[in-house]
Amino acid sequence: MGRYAIRRLLQLVPVVLGTTFIINYMVWQLPGDPFAGRCGQRPCPDSYVTAMREQFGLDQPILVQYWNFLKNLFTGNLGTDFNGVSVATQLGDAWPITIRLALMAVLFEAIIGIGAGVLSGLKRGGFVDNVVTVATLILLSLPIFVTGYLLQWILGVQFGVIEPTVSDAATVPELVVPALVLASLNMAFTARLTRTSIVENLRADYVRTAVAKGLSNRRVVGIHLLRNSLIPVLTFLGTEIGSLMSGAIITEGIFNIHGIGGLLWRAINGQDYTIVVPVATLLVLVYLVSNLLVDLLYGVLDPRIRYE
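Letter by letter, the sequence shown follows residues 1 to 308 in UniProt numbering.
Honestly, the hints are just simulated from the structure, not real lab data. A few of these clues could be false.
[Stated by the list, open to error] With a Cα cut of at most 25 Å, we get these calculated SDA-like pairs of lysine to any residue: (1) Lys71 to Leu58; (2) Lys123 to Arg192; (3) Lys213 to Leu119; (4) Lys71 to Tyr287; (5) Lys123 to Thr133; (6) Lys123 to Arg227; (7) Lys71 to Leu10; (8) Lys71 to Val15; (9) Lys123 to Gly214; (10) Lys123 to Val199; (11) Lys213 to Glu200.
This structure is a prediction, so every number in the text was calculated from the model and none was measured.
Start from the sequences, fold in the hints, and give me the full structure.
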(Lines of atoms letter the chains of each structure in order from A and count residues from 1; the text may use other names and numbers.)
(Lines give C-alpha, C1' and ligand atoms only; values in the text may rest on other atoms or scores of the structure.)
Protein backbone atom coordinates (compact mmCIF):
# COMPACT_ATOMS: atom_id res chain seq x y z
CA MET A 1 0.00 0.00 0.00
CA GLY A 2 2.93 2.32 0.66
CA ARG A 3 4.13 2.13 -2.95
CA TYR A 4 0.60 2.69 -4.17
CA ALA A 5 0.22 5.79 -1.96
CA ILE A 6 3.50 7.23 -3.23
CA ARG A 7 2.49 6.58 -6.83
CA ARG A 8 -0.87 8.23 -6.29
CA LEU A 9 0.77 11.25 -4.68
CA LEU A 10 3.06 11.62 -7.69
CA GLN A 11 0.04 11.40 -9.97
CA LEU A 12 -1.53 14.29 -8.09
CA VAL A 13 1.29 16.65 -9.09
CA PRO A 14 0.28 17.12 -12.77
CA VAL A 15 -3.38 17.22 -11.72
CA VAL A 16 -2.71 20.03 -9.25
CA LEU A 17 -0.59 21.95 -11.74
CA GLY A 18 -3.19 21.54 -14.48
CA THR A 19 -6.19 22.53 -12.38
CA THR A 20 -4.47 25.51 -10.74
CA PHE A 21 -3.32 26.79 -14.15
CA ILE A 22 -6.88 26.53 -15.49
CA ILE A 23 -8.19 28.35 -12.40
CA ASN A 24 -5.64 31.14 -12.82
CA TYR A 25 -6.26 31.45 -16.54
CA MET A 26 -10.05 31.54 -16.24
CA VAL A 27 -10.14 33.94 -13.30
CA TRP A 28 -7.57 36.45 -14.49
CA GLN A 29 -8.92 36.47 -18.05
CA LEU A 30 -12.53 37.19 -17.12
CA PRO A 31 -14.01 40.23 -18.90
CA GLY A 32 -14.05 43.51 -17.06
CA ASP A 33 -11.43 45.25 -14.97
CA PRO A 34 -11.60 44.61 -11.20
CA PHE A 35 -10.17 48.07 -10.48
CA ALA A 36 -12.32 50.16 -12.82
CA GLY A 37 -15.25 50.41 -10.41
CA ARG A 38 -13.43 50.83 -7.10
CA CYS A 39 -13.75 54.60 -6.91
CA GLY A 40 -17.41 54.88 -5.97
CA GLN A 41 -19.69 56.72 -8.37
CA ARG A 42 -16.81 58.16 -10.37
CA PRO A 43 -14.78 56.13 -12.84
CA CYS A 44 -11.29 55.41 -11.60
CA PRO A 45 -8.46 57.36 -13.24
CA ASP A 46 -6.41 55.47 -15.78
CA SER A 47 -3.30 56.10 -13.71
CA TYR A 48 -4.87 54.35 -10.70
CA VAL A 49 -6.01 51.35 -12.76
CA THR A 50 -2.57 51.06 -14.36
CA ALA A 51 -0.80 51.26 -11.00
CA MET A 52 -3.07 48.64 -9.43
CA ARG A 53 -2.68 46.26 -12.35
CA GLU A 54 1.07 46.62 -12.09
CA GLN A 55 1.01 46.12 -8.31
CA PHE A 56 -0.94 42.85 -8.57
CA GLY A 57 0.86 41.63 -11.69
CA LEU A 58 -2.11 41.77 -14.03
CA ASP A 59 -0.01 43.52 -16.67
CA GLN A 60 2.21 40.44 -17.03
CA PRO A 61 1.69 37.41 -19.31
CA ILE A 62 -0.43 34.60 -17.90
CA LEU A 63 2.54 32.22 -17.60
CA VAL A 64 4.46 34.77 -15.53
CA GLN A 65 1.41 35.35 -13.35
CA TYR A 66 1.02 31.61 -12.82
CA TRP A 67 4.69 31.14 -11.96
CA ASN A 68 4.50 33.94 -9.40
CA PHE A 69 1.35 32.35 -7.97
CA LEU A 70 3.10 28.98 -7.55
CA LYS A 71 6.10 30.58 -5.86
CA ASN A 72 3.89 32.47 -3.45
CA LEU A 73 1.75 29.38 -2.81
CA PHE A 74 4.68 27.13 -1.89
CA THR A 75 6.28 29.80 0.29
CA GLY A 76 3.01 30.60 2.07
CA ASN A 77 3.10 34.21 0.91
CA LEU A 78 -0.39 34.79 -0.45
CA GLY A 79 -0.03 38.57 -0.43
CA THR A 80 -2.91 40.97 0.19
CA ASP A 81 -6.32 41.44 -1.34
CA PHE A 82 -7.38 44.52 -3.27
CA ASN A 83 -8.15 46.26 0.04
CA GLY A 84 -4.66 45.64 1.44
CA VAL A 85 -5.76 42.94 3.93
CA SER A 86 -3.61 39.82 4.24
CA VAL A 87 -5.12 36.92 2.28
CA ALA A 88 -3.43 34.35 4.54
CA THR A 89 -5.00 35.97 7.60
CA GLN A 90 -8.48 35.89 6.07
CA LEU A 91 -8.07 32.25 5.05
CA GLY A 92 -6.71 31.39 8.49
CA ASP A 93 -9.79 32.89 10.13
CA ALA A 94 -12.35 31.38 7.75
CA TRP A 95 -10.88 27.97 6.91
CA PRO A 96 -11.27 26.29 10.34
CA ILE A 97 -14.95 27.27 10.49
CA THR A 98 -15.75 25.73 7.11
CA ILE A 99 -13.72 22.61 7.88
CA ARG A 100 -15.65 22.19 11.13
CA LEU A 101 -18.96 22.70 9.33
CA ALA A 102 -18.09 20.28 6.49
CA LEU A 103 -16.80 17.56 8.82
CA MET A 104 -19.94 17.80 10.93
CA ALA A 105 -22.03 17.52 7.78
CA VAL A 106 -20.11 14.41 6.67
CA LEU A 107 -20.54 12.95 10.15
CA PHE A 108 -24.31 13.46 9.95
CA GLU A 109 -24.35 11.95 6.47
CA ALA A 110 -22.45 8.89 7.68
CA ILE A 111 -24.35 8.30 10.92
CA ILE A 112 -27.88 9.20 9.87
CA GLY A 113 -27.63 8.30 6.19
CA ILE A 114 -25.90 4.94 6.64
CA GLY A 115 -28.00 4.06 9.69
CA ALA A 116 -31.27 4.81 7.89
CA GLY A 117 -30.08 2.98 4.78
CA VAL A 118 -29.10 -0.14 6.72
CA LEU A 119 -32.43 -0.27 8.57
CA SER A 120 -34.32 0.34 5.34
CA GLY A 121 -32.39 -2.37 3.50
CA LEU A 122 -32.75 -4.95 6.25
CA LYS A 123 -36.48 -4.18 6.66
CA ARG A 124 -37.22 -3.66 2.97
CA GLY A 125 -40.91 -3.43 2.19
CA GLY A 126 -41.77 -2.73 5.81
CA PHE A 127 -42.78 0.35 7.77
CA VAL A 128 -39.21 1.58 8.36
CA ASP A 129 -38.37 1.17 4.68
CA ASN A 130 -41.41 3.22 3.67
CA VAL A 131 -40.61 5.97 6.18
CA VAL A 132 -37.00 6.23 5.00
CA THR A 133 -38.11 6.27 1.36
CA VAL A 134 -40.61 9.08 1.93
CA ALA A 135 -38.17 11.09 4.08
CA THR A 136 -35.38 10.84 1.51
CA LEU A 137 -37.74 11.84 -1.29
CA ILE A 138 -38.74 14.94 0.67
CA LEU A 139 -35.10 15.89 1.31
CA LEU A 140 -34.17 15.32 -2.31
CA SER A 141 -37.04 17.49 -3.52
CA LEU A 142 -36.09 20.47 -1.33
CA PRO A 143 -33.18 22.72 -2.35
CA ILE A 144 -30.69 23.48 0.42
CA PHE A 145 -31.70 27.13 0.64
CA VAL A 146 -35.34 26.12 1.22
CA THR A 147 -34.38 23.66 3.96
CA GLY A 148 -32.06 26.22 5.52
CA TYR A 149 -34.54 29.08 5.64
CA LEU A 150 -37.28 26.72 6.83
CA LEU A 151 -35.26 25.40 9.78
CA GLN A 152 -33.97 28.87 10.56
CA TRP A 153 -37.51 30.25 10.70
CA ILE A 154 -39.04 27.33 12.66
CA LEU A 155 -36.22 26.63 15.14
CA GLY A 156 -34.76 30.11 15.38
CA VAL A 157 -37.63 32.55 14.96
CA GLN A 158 -40.75 30.65 15.99
CA PHE A 159 -39.47 28.40 18.82
CA GLY A 160 -36.17 30.06 19.74
CA VAL A 161 -34.37 26.73 20.00
CA ILE A 162 -31.35 28.10 18.12
CA GLU A 163 -29.98 31.50 17.26
CA PRO A 164 -31.05 32.48 13.73
CA THR A 165 -27.49 33.50 12.93
CA VAL A 166 -24.21 31.95 14.02
CA SER A 167 -21.78 34.02 16.08
CA ASP A 168 -18.22 34.81 14.98
CA ALA A 169 -16.92 31.99 17.20
CA ALA A 170 -19.01 29.42 15.29
CA THR A 171 -18.96 26.86 18.08
CA VAL A 172 -19.93 23.24 17.50
CA PRO A 173 -23.42 23.56 19.07
CA GLU A 174 -24.15 26.57 16.86
CA LEU A 175 -23.14 24.63 13.73
CA VAL A 176 -25.38 21.61 14.36
CA VAL A 177 -28.39 22.90 12.44
CA PRO A 178 -26.33 24.46 9.59
CA ALA A 179 -24.44 21.17 9.27
CA LEU A 180 -27.73 19.26 9.06
CA VAL A 181 -28.90 21.67 6.35
CA LEU A 182 -25.65 21.29 4.43
CA ALA A 183 -25.84 17.49 4.74
CA SER A 184 -29.54 17.15 3.95
CA LEU A 185 -29.30 16.28 0.24
CA ASN A 186 -26.25 14.04 0.55
CA MET A 187 -27.74 12.38 3.63
CA ALA A 188 -30.72 11.32 1.51
CA PHE A 189 -28.42 10.09 -1.27
CA THR A 190 -26.34 8.16 1.28
CA ALA A 191 -29.42 6.48 2.75
CA ARG A 192 -30.73 5.40 -0.65
CA LEU A 193 -27.31 4.24 -1.82
CA THR A 194 -26.78 2.24 1.38
CA ARG A 195 -30.23 0.66 1.09
CA THR A 196 -29.58 -0.40 -2.50
CA SER A 197 -26.19 -1.85 -1.63
CA ILE A 198 -27.59 -3.73 1.38
CA VAL A 199 -30.45 -5.23 -0.64
CA GLU A 200 -28.06 -6.37 -3.38
CA ASN A 201 -25.56 -7.94 -0.99
CA LEU A 202 -28.28 -9.72 0.99
CA ARG A 203 -28.67 -12.00 -2.01
CA ALA A 204 -24.93 -12.65 -2.34
CA ASP A 205 -23.48 -16.13 -1.84
CA TYR A 206 -21.16 -15.12 0.98
CA VAL A 207 -24.11 -13.85 3.05
CA ARG A 208 -26.06 -17.06 2.56
CA THR A 209 -22.93 -19.03 3.47
CA ALA A 210 -22.43 -17.00 6.66
CA VAL A 211 -26.07 -17.60 7.65
CA ALA A 212 -25.77 -21.33 6.87
CA LYS A 213 -22.71 -21.55 9.12
CA GLY A 214 -24.90 -20.44 12.01
CA LEU A 215 -23.34 -17.03 12.57
CA SER A 216 -25.39 -14.54 14.54
CA ASN A 217 -27.29 -11.82 12.70
CA ARG A 218 -25.10 -9.17 14.30
CA ARG A 219 -21.95 -10.83 12.96
CA VAL A 220 -23.43 -11.46 9.51
CA VAL A 221 -24.53 -7.84 9.17
CA GLY A 222 -21.62 -6.12 10.92
CA ILE A 223 -18.70 -8.20 9.65
CA HIS A 224 -19.79 -9.54 6.28
CA LEU A 225 -22.69 -7.56 4.88
CA LEU A 226 -21.90 -4.04 6.07
CA ARG A 227 -18.21 -3.98 5.14
CA ASN A 228 -18.89 -4.89 1.52
CA SER A 229 -21.96 -2.70 1.25
CA LEU A 230 -20.11 0.39 2.47
CA ILE A 231 -17.59 0.51 -0.39
CA PRO A 232 -19.78 2.56 -2.80
CA VAL A 233 -21.06 4.64 0.12
CA LEU A 234 -17.49 5.42 1.20
CA THR A 235 -16.69 6.52 -2.34
CA PHE A 236 -19.63 8.90 -2.33
CA LEU A 237 -18.85 10.35 1.10
CA GLY A 238 -15.17 10.80 0.30
CA THR A 239 -15.80 12.74 -2.87
CA GLU A 240 -18.40 14.86 -1.09
CA ILE A 241 -15.93 16.37 1.39
CA GLY A 242 -14.54 18.76 -1.18
CA SER A 243 -17.97 19.40 -2.62
CA LEU A 244 -19.40 20.25 0.80
CA MET A 245 -16.67 22.81 1.45
CA SER A 246 -17.33 24.54 -1.85
CA GLY A 247 -21.09 24.11 -1.50
CA ALA A 248 -21.16 25.74 1.92
CA ILE A 249 -21.64 29.16 0.31
CA ILE A 250 -25.44 28.94 0.51
CA THR A 251 -25.54 27.52 4.04
CA GLU A 252 -23.01 30.01 5.36
CA GLY A 253 -24.95 32.83 3.74
CA ILE A 254 -28.25 31.77 5.34
CA PHE A 255 -26.82 31.46 8.86
CA ASN A 256 -24.28 34.30 8.50
CA ILE A 257 -21.31 32.00 9.05
CA HIS A 258 -17.95 33.69 8.43
CA GLY A 259 -16.29 30.75 6.70
CA ILE A 260 -14.72 30.05 3.33
CA GLY A 261 -18.10 30.12 1.58
CA GLY A 262 -18.88 33.65 2.72
CA LEU A 263 -15.34 34.81 2.01
CA LEU A 264 -15.44 33.34 -1.49
CA TRP A 265 -18.87 34.82 -2.19
CA ARG A 266 -17.78 38.32 -1.19
CA ALA A 267 -14.59 37.98 -3.22
CA ILE A 268 -16.49 36.90 -6.34
CA ASN A 269 -18.93 39.80 -6.02
CA GLY A 270 -16.05 42.23 -5.58
CA GLN A 271 -14.00 40.59 -8.36
CA ASP A 272 -11.19 40.19 -5.84
CA TYR A 273 -9.31 37.40 -7.56
CA THR A 274 -6.45 37.48 -5.06
CA ILE A 275 -8.84 35.58 -2.74
CA VAL A 276 -10.78 33.57 -5.33
CA VAL A 277 -7.69 31.83 -6.74
CA PRO A 278 -6.18 30.63 -3.39
CA VAL A 279 -9.57 29.46 -2.11
CA ALA A 280 -10.32 27.54 -5.32
CA THR A 281 -6.83 26.00 -5.18
CA LEU A 282 -7.30 24.85 -1.59
CA LEU A 283 -10.66 23.30 -2.49
CA VAL A 284 -8.97 21.36 -5.30
CA LEU A 285 -6.31 20.07 -2.89
CA VAL A 286 -8.94 19.00 -0.35
CA TYR A 287 -10.90 17.17 -3.04
CA LEU A 288 -7.83 15.31 -4.34
CA VAL A 289 -6.57 14.32 -0.88
CA SER A 290 -10.00 13.09 0.20
CA ASN A 291 -10.20 10.91 -2.92
CA LEU A 292 -6.77 9.45 -2.16
CA LEU A 293 -7.80 8.61 1.41
CA VAL A 294 -10.96 6.91 0.13
CA ASP A 295 -8.93 4.73 -2.23
CA LEU A 296 -6.61 3.71 0.61
CA LEU A 297 -9.56 2.84 2.85
CA TYR A 298 -10.91 0.37 0.28
CA GLY A 299 -8.30 -2.16 1.40
CA VAL A 300 -9.42 -1.79 5.01
CA LEU A 301 -13.08 -2.49 4.21
CA ASP A 302 -12.48 -5.27 1.69
CA PRO A 303 -9.47 -7.56 2.27
CA ARG A 304 -9.78 -8.78 -1.33
CA ILE A 305 -8.57 -5.39 -2.55
CA ARG A 306 -4.78 -5.24 -2.72
CA TYR A 307 -2.63 -2.41 -3.97
CA GLU A 308 0.60 -3.06 -5.81
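**Message:** Tell me the numbers of any earlier hints that the structure contravenes, in ascending order.
**Reply:** Structure breaks no hint.
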